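Number of protein chains: 2
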Amino acid sequence: MNIKYFDHVAANPMIPEVLDSMMPYFKEEFGNPLSVYDLGMNARIAIETAREKVAALINADPSEIIFTSSGAESNNFALRGVALAHQNEGKHAIVSKMEHHSILNSARVLEKMGFVVTYLPVDKYGMVDPGTVRKSINDETKIISVIHASSETGTIEPVKEIAAVAHEKGIVFHTDGVATVGNIPVDVKELDVDLMSMAAHQFYGPKGAGALYLKRGKRINPLIYGGIQEGGRRAGTENVPAIVGMGKAAEIAAERLTARMEHVKKLRDKLIVGLKNIPNLHLTGHPDKRLPGHASMVVEFIEGEGMLLLLSSKGIYAASGSACTSKALKASPVLLSMGVPSSVAHGSIVFSFGEDNSEEDVDLLIEEFPKIIEKLRAMSPFSGKGWEGIGEGGKCTAKN
Amino acid sequence: MNIKYFDHVAANPMIPEVLDSMMPYFKEEFGNPLSVYDLGMNARIAIETAREKVAALINADPSEIIFTSSGAESNNFALRGVALAHQNEGKHAIVSKMEHHSILNSARVLEKMGFVVTYLPVDKYGMVDPGTVRKSINDETKIISVIHASSETGTIEPVKEIAAVAHEKGIVFHTDGVATVGNIPVDVKELDVDLMSMAAHQFYGPKGAGALYLKRGKRINPLIYGGIQEGGRRAGTENVPAIVGMGKAAEIAAERLTARMEHVKKLRDKLIVGLKNIPNLHLTGHPDKRLPGHASMVVEFIEGEGMLLLLSSKGIYAASGSACTSKALKASPVLLSMGVPSSVAHGSIVFSFGEDNSEEDVDLLIEEFPKIIEKLRAMSPFSGKGWEGIGEGGKCTAKN
Chain V
323 MNIKYFDHVA
333 ANPMIPEVLD
343 SMMPYFKEEF
353 GNPLSVYDLG
363 MNARIAIETA
373 REKVAALINA
383 DPSEIIFTSS
393 GAESNNFALR
403 GVALAHQNEG
413 KHAIVSKMEH
423 HSILNSARVL
433 EKMGFVVTYL
443 PVDKYGMVDP
453 GTVRKSINDE
463 TKIISVIHAS
473 SETGTIEPVK
483 EIAAVAHEKG
493 IVFHTDGVAT
503 VGNIPVDVKE
513 LDVDLMSMAA
523 HQFYGPKGAG
533 ALYLKRGKRI
543 NPLIYGGIQE
553 GGRRAGTENV
563 PAIVGMGKAA
573 EIAAERLTAR
583 MEHVKKLRDK
593 LIVGLKNIPN
603 LHLTGHPDKR
613 LPGHASMVVE
623 FIEGEGMLLL
633 LSSKGIYAAS
643 GSACTSKALK
653 ASPVLLSMGV
663 PSSVAHGSIV
673 FSFGEDNSEE
683 DVDLLIEEFP
693 KIIEKLRAMS
703 PFSGKGWEGI
713 GEGGKCTAKN
Chain W
323 MNIKYFDHVA
333 ANPMIPEVLD
343 SMMPYFKEEF
353 GNPLSVYDLG
363 MNARIAIETA
373 REKVAALINA
383 DPSEIIFTSS
393 GAESNNFALR
403 GVALAHQNEG
413 KHAIVSKMEH
423 HSILNSARVL
433 EKMGFVVTYL
443 PVDKYGMVDP
453 GTVRKSINDE
463 TKIISVIHAS
473 SETGTIEPVK
483 EIAAVAHEKG
493 IVFHTDGVAT
503 VGNIPVDVKE
513 LDVDLMSMAA
523 HQFYGPKGAG
533 ALYLKRGKRI
543 NPLIYGGIQE
553 GGRRAGTENV
563 PAIVGMGKAA
573 EIAAERLTAR
583 MEHVKKLRDK
593 LIVGLKNIPN
603 LHLTGHPDKR
613 LPGHASMVVE
623 FIEGEGMLLL
633 LSSKGIYAAS
643 GSACTSKALK
653 ASPVLLSMGV
663 PSSVAHGSIV
673 FSFGEDNSEE
683 DVDLLIEEFP
693 KIIEKLRAMS
703 PFSGKGWEGI
713 GEGGKCTAKN
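Protein chains in written order, with the numbering used here: chain V, 323 to 722; chain W, 323 to 722.
To be clear, the hints were calculated from the coordinates, so they are not data collected in a lab.
Keep in mind the model is a prediction, meaning the values are calculated, not measured.
Heads up, some of the hints might be wrong.
Within a straight-line C-alpha distance of at most 27 Å, the following computed DSS-like cross-link-like pairs (lysine-lysine) qualify [as the list claims (entries may be wrong)]: (1) K349/W - K636/V; (2) K636/V - K419/V; (3) K540/V - K413/W; (4) K693/W - K349/V; (5) K434/W - K434/V; (6) K349/V - K636/W; (7) K375/V - K349/W; (8) K693/W - K636/W; (9) K434/W - K446/W; (10) K419/V - K349/V; (11) K457/W - K611/W; (12) K413/W - K413/V; (13) K598/W - K349/V.
Looking at chain V on its own, in the form it has when it is part of the complex (with noise of 0.2 Å):
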């Protein structure tokens, strides 16, 4: 079966330059960073070219990027070793609702250890206000996350608004930028963020790779202790393939940043002009301020997980925002704290295009998802009048 993948938030296939990249460290160059021949030498290099290239990627310094094994991995690292650092100047943190699940439990950690965590709240575009975070800050505060983008919603937040509130009061401001880094021009410099993570498999890099950014002079207990490794924030043998791989991911991705956004951009809109006359489609997110290549809707009447799995016997591979992978079937959090009720959160569905994605495969998109939708309705138990959506998207018309 050809396949159709649209679900890059979830992962990305390699670039097959990518794969050349790191090969030689799987093989002949396969030396333990720390030793002090040339073989360790060569892995030491080969780490600190690495170090430039996703530097360069963020306008960062080399200095400031430490690898680490996953995008979850950065976030942990960044927000309870920030808070850890400054616990005894203050205990309280300031997370987004729109937070992925590696800074949401993240927090629940630190509330177990005598923390406060403030859950911003969001609009119906699931955006931060820059103002309620101002609001939210008390002498205690001495960390604010907020997510660079949602992969669920695809909206962009105002981070460098939100860094600006934090630094009035000297606060240290830290952005999930996994979903941003190598899909969109990210500079750590212009949003003025003090961390940053990064996932390289979510830029056509390799799993097992990810990095966050950390402004020199800030300060952070490790997440995991150890020997020297990564100036002493970051123990364990390097991966050394997978960081040589994360590092010609950034570079490519710093070459075809434009091209990239551009083609997964007019997937996107042509997308978006083929569902139009689906009854009871909304979409979700923010109609501009969003990742190019990022549709999120929601389908009422029906469930995110019969969609994928219909969808996935034509060959066709997206996600569903909700939480059917945890096989808990609740609605997604996310969407129910931008006020989309319950029943409407259960439909959600996300298309997420990358470089691989042609005209030709939105084209089978377009003519096999209306099928599939009006396939699971009418086994549906659920009816009745429509929600009346965010007033975005497709027409919000009632089912009968």
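Could you slot chain W onto chain V? The hints should help.
Leaving out everything else, chain W in the frame of chain V:
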């Protein structure tokens, strides 16, 4: 230059079949294991197959294996995760002075959090006495961690006996099996340990893949919080290719274990015989209860780093147990805790053998190493009467 690699404790070259097993997961099988469609399911199945293979290598149940990114992560996770899960019952931990930095520095973090940690002394072979463990236990003790074998001294600790002492008092016992799993027979049921750390690159698998054995029913707090990966115990998108490679390396280790041990023991013993006439060279670690492919020694009047550099100029790669790589010219704390004088500990050197070594490799080492020692000693500012040593290994005579 034809390389003779005797630093398998630092990193192993990957077995080609291991890399072959990983390749599909870098290419067409790039799905996120959480995705519901078949690309995700294939990744999930690959992870579960790897889990079975790793479990089989140590006689565990697959449900008792948690994949991590490294041995260091597994050690942090184990010691801190168990200590924190039990902190309301008691805040005393016991570790040995032979532990890896990832345990020792995790112990220090626990101390900062209000825990009390006992650091167990060792004898001249680096061996922990189970009786000392028993005497160190108090009502607050909830976790004991003793390394299975030190990569610095090669000594295999009596973990079965220590586990039995821990269990007399209902205390959880962890062992760091990074140096042993895949290199000597390891049976978690026979040893009766509750947790064991592993790292794939120590048994010819990839970097970036580690695991923690956690006996069913034992409580642990996650180190990395977030999604539902690894049963909610270790978040972050799984490094599927590395996990698959770890599984393959475990499968191969199980098949080849006896041959692997015999091969490296033969080479190690040949080296020991070949070096026996070097004066003021003392073997370190236990003479018999040690890793089969591991030769560790101190060479008086010279520095480990000098030996490594001159060896490396001949294409011979080895490690120094001393902390040169940390750029701080401190003597190894492990050797000091075994009673080796600081001046002597600086001359530490470790040769660790692997499947890829041949008898000819060892012949070259036996030819070159004495010349290098002679050369360095001729330049050395140190002299005088040598250390009387531990009564094992090479002849111990005064230099002049």
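- Message: What's the verdict on K457/W and K611/W, does the C-alpha distance respect the 27 Å limit or exceed it?
- Response: holds, 24 Å
- Query: Is the hinted pair K636/V and K419/V satisfied, with a Cα-Cα distance of at most 27 Å?
  - Reply: violated, 34 Å
- Message: Check whether the Cα positions of K349/W and K636/V lie no farther apart than 27 Å.
- Response: holds, 21 Å
- Are the Cα atoms of K598/W and K349/V separated by 27 Å or less? violated, 35 Å
- Measure nothing beyond the straight line between the CA atoms of K693/W and K636/W; if it is 27 Å or shorter, mark the hint as holding. The given pair, whose Cα atoms are some 11 Å apart, holds under the 27 Å limit.
- Starting from K419/V, check that the Cα of K349/V is at most 27 Å away, please. violated, 44 Å
- Can the restraint linking K434/W and K434/V be considered satisfied, given a maximum Cα separation of 27 Å? holds, 17 Å
- Regarding the pair K540/V and K413/W, is the alpha-carbon distance no greater than 27 Å? The given pair, whose Cα atoms are some 31 Å apart, is violated under the 27 Å limit.
- Message: Holds or violated: K434/W and K446/W, Cα atoms, limit 27 Å.
- Response: Violated: K434/W and K446/W sit about 30 Å apart, past 27 Å.
- Message: Next pair to validate is K413/W with K413/V; report whether the Cα-Cα distance is within 27 Å.
- Response: Distance of about 23 Å is within 27 Å: holds.
- Message: Please verify whether K375/V and K349/W have alpha carbons no more than 27 Å apart.
- Response: Holds: K375/V and K349/W sit about 23 Å apart, inside 27 Å.
- Message: What's the verdict on K693/W and K349/V, does the C-alpha distance respect the 27 Å limit or exceed it?
- Response: violated, 31 Å
The structure is inconsistent with the numbered hints 2, 3, 4, 9, 10, 13, although it conforms to all the rest.
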